[in-house]
Amino acid sequence: MTWLNNVNFFIKVFVAFAIMGVAWLAPNLPMSLLLVVVVIGILAVARVPGFRGYLKGAALLAGLVIISWCLNLMLQGMSWMDALPIATKMACRLIATTGAFYFVMETSTPGSILSACSAARLPPMVTLVLSLTFGIIPMLREEFERIGDAQRARGMEIDQVPFFTRLRFALARGVPLLVQAIRMAHAISLALAIYGFDTRQKRTTWRNVGLSVEPLLPFQEKAK
Amino acid sequence: MLKINELTIGFGEKPSVLTGISLDVADGESVLICGAAGSGKTTLLSAAAGIIPHLIRPGTISGQIELNGTPFSAIGKKALYASVNIVFQNVEDQLWDLSVEDLIAFPLENRGVQKSEIRQRIGELLGQLQLDSLRGRRVLTLSGGERRMAAIAAAMAARPRLLVLDEPTTGLDPSARSRLVETLLELRTEIPMLLVADQDAVSLAPLADRIGLLKDGRLSKPLSSASMMRGSESWLSAGVLPPTRMKKRRDAAAKGDTLIEVAKLKSSLTRSDGKHVLQDVSFQLQAGEIVGLIGRNGAGKTTLFQSVLGLSKVVDGVVNIDRVDAGNWTPAQRARRVGYLPQNMRRILFNLTVLDEVIFAATGSTKPNRDAAVIDNAMLSLAKYGLADHAGDNPFALSSRAQAMLGLACVESTGCSLAILDEPLLARDIDGRRMLDIFLDDLVKQGRAALIISHDLELIDDIAERTLILDEGRMVFDGETSEVWTSDAFRKLGWMPPRPVLEHA
Numbered sequence: 001m002t003w004l005n006n007v008n009f010f011i012k013v014f015v016a017f018a019i020m021g022v023a024w025l026a027p028n029l030p031m032s033l034l035l036v037v038v039v040i041g042i043l044a045v046a047r048v049p050g051f052r053g054y055l056k057g058a059a060l061l062a063g064l065v066i067i068s069w070c071l072n073l074m075l076q077g078m079s080w081m082d083a084l085p086i087a088t089k090m091a092c093r094l095i096a097t098t099g100a101f102y103f104v105m106e107t108s109t110p111g112s113i114l115s116a117c118s119a120a121r122l123p124p125m126v127t128l129v130l131s132l133t134f135g136i137i138p139m140l141r142e143e144f145e146r147i148g149d150a151q152r153a154r155g156m157e158i159d160q161v162p163f164f165t166r167l168r169f170a171l172a173r174g175v176p177l178l179v180q181a182i183r184m185a186h187a188i189s190l191a192l193a194i195y196g197f198d199t200r201q202k203r204t205t206w207r208n209v210g211l212s213v214e215p216l217l218p219f220q221e222k223a224k
Numbered sequence: 001m002l003k004i005n006e007l008t009i010g011f012g013e014k015p016s017v018l019t020g021i022s023l024d025v026a027d028g029e030s031v032l033i034c035g036a037a038g039s040g041k042t043t044l045l046s047a048a049a050g051i052i053p054h055l056i057r058p059g060t061i062s063g064q065i066e067l068n069g070t071p072f073s074a075i076g077k078k079a080l081y082a083s084v085n086i087v088f089q090n091v092e093d094q095l096w097d098l099s100v101e102d103l104i105a106f107p108l109e110n111r112g113v114q115k116s117e118i119r120q121r122i123g124e125l126l127g128q129l130q131l132d133s134l135r136g137r138r139v140l141t142l143s144g145g146e147r148r149m150a151a152i153a154a155a156m157a158a159r160p161r162l163l164v165l166d167e168p169t170t171g172l173d174p175s176a177r178s179r180l181v182e183t184l185l186e187l188r189t190e191i192p193m194l195l196v197a198d199q200d201a202v203s204l205a206p207l208a209d210r211i212g213l214l215k216d217g218r219l220s221k222p223l224s225s226a227s228m229m230r231g232s233e234s235w236l237s238a239g240v241l242p243p244t245r246m247k248k249r250r251d252a253a254a255k256g257d258t259l260i261e262v263a264k265l266k267s268s269l270t271r272s273d274g275k276h277v278l279q280d281v282s283f284q285l286q287a288g289e290i291v292g293l294i295g296r297n298g299a300g301k302t303t304l305f306q307s308v309l310g311l312s313k314v315v316d317g318v319v320n321i322d323r324v325d326a327g328n329w330t331p332a333q334r335a336r337r338v339g340y341l342p343q344n345m346r347r348i349l350f351n352l353t354v355l356d357e358v359i360f361a362a363t364g365s366t367k368p369n370r371d372a373a374v375i376d377n378a379m380l381s382l383a384k385y386g387l388a389d390h391a392g393d394n395p396f397a398l399s400s401r402a403q404a405m406l407g408l409a410c411v412e413s414t415g416c417s418l419a420i421l422d423e424p425l426l427a428r429d430i431d432g433r434r435m436l437d438i439f440l441d442d443l444v445k446q447g448r449a450a451l452i453i454s455h456d457l458e459l460i461d462d463i464a465e466r467t468l469i470l471d472e473g474r475m476v477f478d479g480e481t482s483e484v485w486t487s488d489a490f491r492k493l494g495w496m497p498p499r500p501v502l503e504h505a
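One line per chain: the protein sequences are Y and R, in this order.
Counting in the numbering used here, the first sequence tops out at residue 224, every number present.
Counting in the numbering used here, the second sequence tops out at residue 505, every number present.
Since the hints were derived computationally from the structure, they do not count as laboratory data.
Built from N, CA and C at the ideal position, the CB exists for glycine as well.
Hints are all accurate, no fakes.
If you want the ones that stay clear, here's a sample from chain R, every Cβ over 10 Å from chain Y, calculated:
# : residue
1 : Thr8
2 : Arg159
3 : Phe283
4 : Arg433
5 : Phe477
Taking lysine-lysine and the DSSO-like style, the derived pairs with C-alpha atoms no more than 27 Å apart in a straight line are:
#  : chain 1 : residue 1 : chain 2 : residue 2
6  : R       : Lys115    : Y       : Lys202
7  : R       : Lys78     : Y       : Lys202
8  : R       : Lys275    : R       : Lys313
9  : R       : Lys384    : R       : Lys215
10 : R       : Lys313    : Y       : Lys56
11 : R       : Lys313    : R       : Lys266
12 : Y       : Lys202    : R       : Lys77
13 : R       : Lys3      : R       : Lys221
Bound conformation, chain R alone (with noise of 0.2 Å):
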């Protein structure tokens, strides 16, 4: 059993991430806990998981945690993680150069495991959580979505007591998520105890034995899954977007001209069968249209809008934006018009203050720039997404909600045509969709318009008006969101719809 007891911790500005914190999972027991971006998961988890302070020292911490009755203060850091594992929100925080292979491997090539149990080892997670697809591939060149369940494998691999997983639907599709269920749910007798955090109670709760919520690092009583499922103030209260959905859809707004044309693009990569990763794709997006884009890991989003971006090679196709073909562009001169905002912002992070990134965002410049009309039209993008106060810190230095506030602010001052959100994370509480819908709001009333990709279909339901799906590198549906649920297309991922909306917000 994992006994956490007044668990307390801080870190230097913020002296109260976590306060008083008790919590049990017992053997044969999942716990899943909830809460907004900052409200402490991560840390709790990583409490949990033995890296605080193990491996990172907080400011402040007291109280204690136990593994069968030890203090993990009297655990010894190879035992302790031999018995526990932990797979990040930030999946890349563990990750290096490997093969999925390797990776799967390391924790079992480490302890000396013999080469036959290994490949066995290996062989039944693959095939378990089907990943034969990507063998022999190098991690980091995985998408998000299989980068993430390769960790999750080689969190297995050595069959830990405990398995502590943060967010770990991010990035995933809903047949990956189901999948990742359905292991876990196999996979109980082996890895008995089971802490998570997430943000989708929905997909998780079969796998769920309580919930937990947490808010500005206190924990609600953990209270069984099913009861937790049927309320909604008590999530409301936490901050949490709850599981009976509340969101009413986005009224259309009126189209303008055509800002983005893409007609027959086909990629210069191909996969490993020798197809083009994007095949005849063709779409278009109007001045003030919300358009979700859907697929399942792989099916090539990615590269379709790296490929509208010109950072990666097409063979045929056109891609015009604002009625000019733009065959000849730089990527440069088409980010210009088409901003983008990565799932992980850190990707695309690369000056040395927050304000600084805006001013980047304006000018295109990173160059020093003291000119106080731009100065001020940076601070105020920086104060509607509440960055005012980081204005002079190191964007790397900011949370994940923040680094995509950010985001969010460096777009805007793009002054882009079209904005693509590469599955906009921070829209999964209650403080994020709000902010998602003030970008979206002022996008659509300067005549410009977004492309949401995300895995998450209630949110496509509630803010798209018109969805795409991508399968295997071709554009399979276009067309209303609310007849995407019932079509041919979407039947063929074998994902359930969206749930329907039961109250109005």
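If we strip away everything but chain Y, and leave its shape as in the complex, we get (with noise of 0.2 Å):
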């Protein structure tokens, strides 16, 4: 996946509104389903980081959308076999947007956003919050991972339990989860203050930016 990663960042999120784009505007439910399929192919192929847990994500969100959707039509006088149609399609179009913003998310570091906004000569803000929003949520993804398997380590079996068990486990992680975002936050605001970031001074980059990001400075560059 590795020239996936490399892709410029703006041509990724391009994609990936074009993707949102053509599900909202999608004819018919056979072709959101097909598009679905196309997203949800793209991430398996691709092997993006966590693939398995964004699938058990979609699958809850199509759950509850389809459910609450169907009730709301029902309750307007729909029948369930007119309704059914509808809430599926609108199910597919936000499954086919957020697997195209999982995927871009899964596939940009922070380094590779700061990198392709800063050759764009966005202004530091934009650079910031675009790096951060995109880059945030793989940061916390691992948090969450590691903070089970500090639990794991020191003894707490959340592995072999029942299903609803493990779900509550999962939600009682949110608490040192919390604890760390904060901790990040603080770290990135110390890290942007102690090494120069400056509202009003357009930011430069070491990397070569066009189509792609260069994702590491080559070796007789190094030994000059």
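With the hints as a guide, dock the two chains, each given alone in a separate frame, to form the complex.
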């Protein structure tokens, strides 16, 4: 998946918006379903990190959307036969949209986003907001997994327990996750301050940025 | 010149963390501050770097700090942090999810430096600090030592006038320490002033022009490095292990049954060259044993204990715990027998109070526990490590030292067969070493065992009767500690052996 990671962040965002547009403009349910299959297929083929977790979340989202829309439409007098395709189409739109942006988030590091924004000479605040918006969710996901590992490493059985117990344990991780999120925010703000981030000073970048973003400094330049 | 004059700082419940500190660091000078945990080193360095009071406001602060004759208060933040940079002891406090090159470039990019100049500077620093192999890696995936070196490179990138380093040797293997000292010596003309706090005076002595000792927030007059390195009394009175070794070796205890047996372990995790991080690793630990594990940064030490705990997948090999194949055990089942104390306790804390952490260690459950016996035992454990008054505190609010003590209390409460201690930093001062000795003594008495992972070779020499060397994922030495320092495997590491014990405590 390396080359996908190196694709310029703005190209990926553009494609994600395009997929969202197609999903919302899709004229019928088969086309919506096809788009969902394509998006999920790309996530699977590209081996996007956390894919299984995304699938679980997407299934939950789809279920909730279909149930709530069916209920809503039936309360308005529509038959369930008529309501179901509409509700399913709505769920497809959401899954295609979230899947596309999930792909952008998981394949774009904060560093590559910073570089793409800096190369585009965007204002520092916009650069920061974009890199944090797209970069923080994978960081929090990793932190969530790390807390789980810490709990396992200290003897908390969270693997061989019934589903609902596992779900309760996962929800209970919200408190330490919140603490870590605050610490993370503190670390980022401290790094910004001591490393001279200034909203009035346009940033530069060390990377060569074009359709792709250079992933690492070539060896010959390090040997100088 | 950095001039600190009569600096007094206090926080909430501790009104005098620093009291009347005066210190000068001249151009071309390096000053090393040593002191026990909690003596105020981090507060002093944070003030010297302008973090206090610019970013962290203390309850009380008086006195003045000047840089080249201008008070810090009269220098804007932007100008101040262009002239002064700091690397914290908890290096995670200033890192986020960037690549090594991104991190080094960050201070330069923020200041609008041209691309060619940034690339050249990254290249220089990667070369000088021998970080070439880390190019393209995400900082948060590096080992503790590698992470610290990357942060130091970032702090040096913009060539600050004053570089402040808080415990820079933490987590660094002996080669990395030497490399750091050599680089800082080479860069003296580029970065003229250096203020360092560390408990490892021996490694940093070649760098330090003067050394001052901090005790209970008061700083002794910094004296020449040569004179400070000769004595031991002033160090002892400051609560720090002196440069002349005084610790005598622990007596070996009688051995019991085999508690852990690792055979031909091969990790699923691979290195960038495709080799497995662990390859055919075998060793065993018996009841009553204290065993040391040493190896370069990135040798695979972290992967090894993660594999033993079941947190890192293995493709081959066997882990027997208490003579039972643990291959099908969950990490939690293994963790009830193998206790783990990481270098940074924050990584494994998740309960809301200190007492809850110990109760969780004893019961393995986060459910509220009203069993008086469990609570009493937890309180006894906390009292043993001086934490009884902190039972209701949030564990994240404790100092690093107190968190390490909490870790000891938790591992002890687990009742595990084996305790794995990853770089126990608390052992670097007299009080901490005493606590570690108490912990190990009790462990041995109870017929349990400990594996100490450390870059502090003198600590290993003092407390471990047997030592393992892990190099490039292979166990290349397993034998008596008295023999390890003259072994071929150790010579291959290129490290200096521990200094001989000159006096006996």
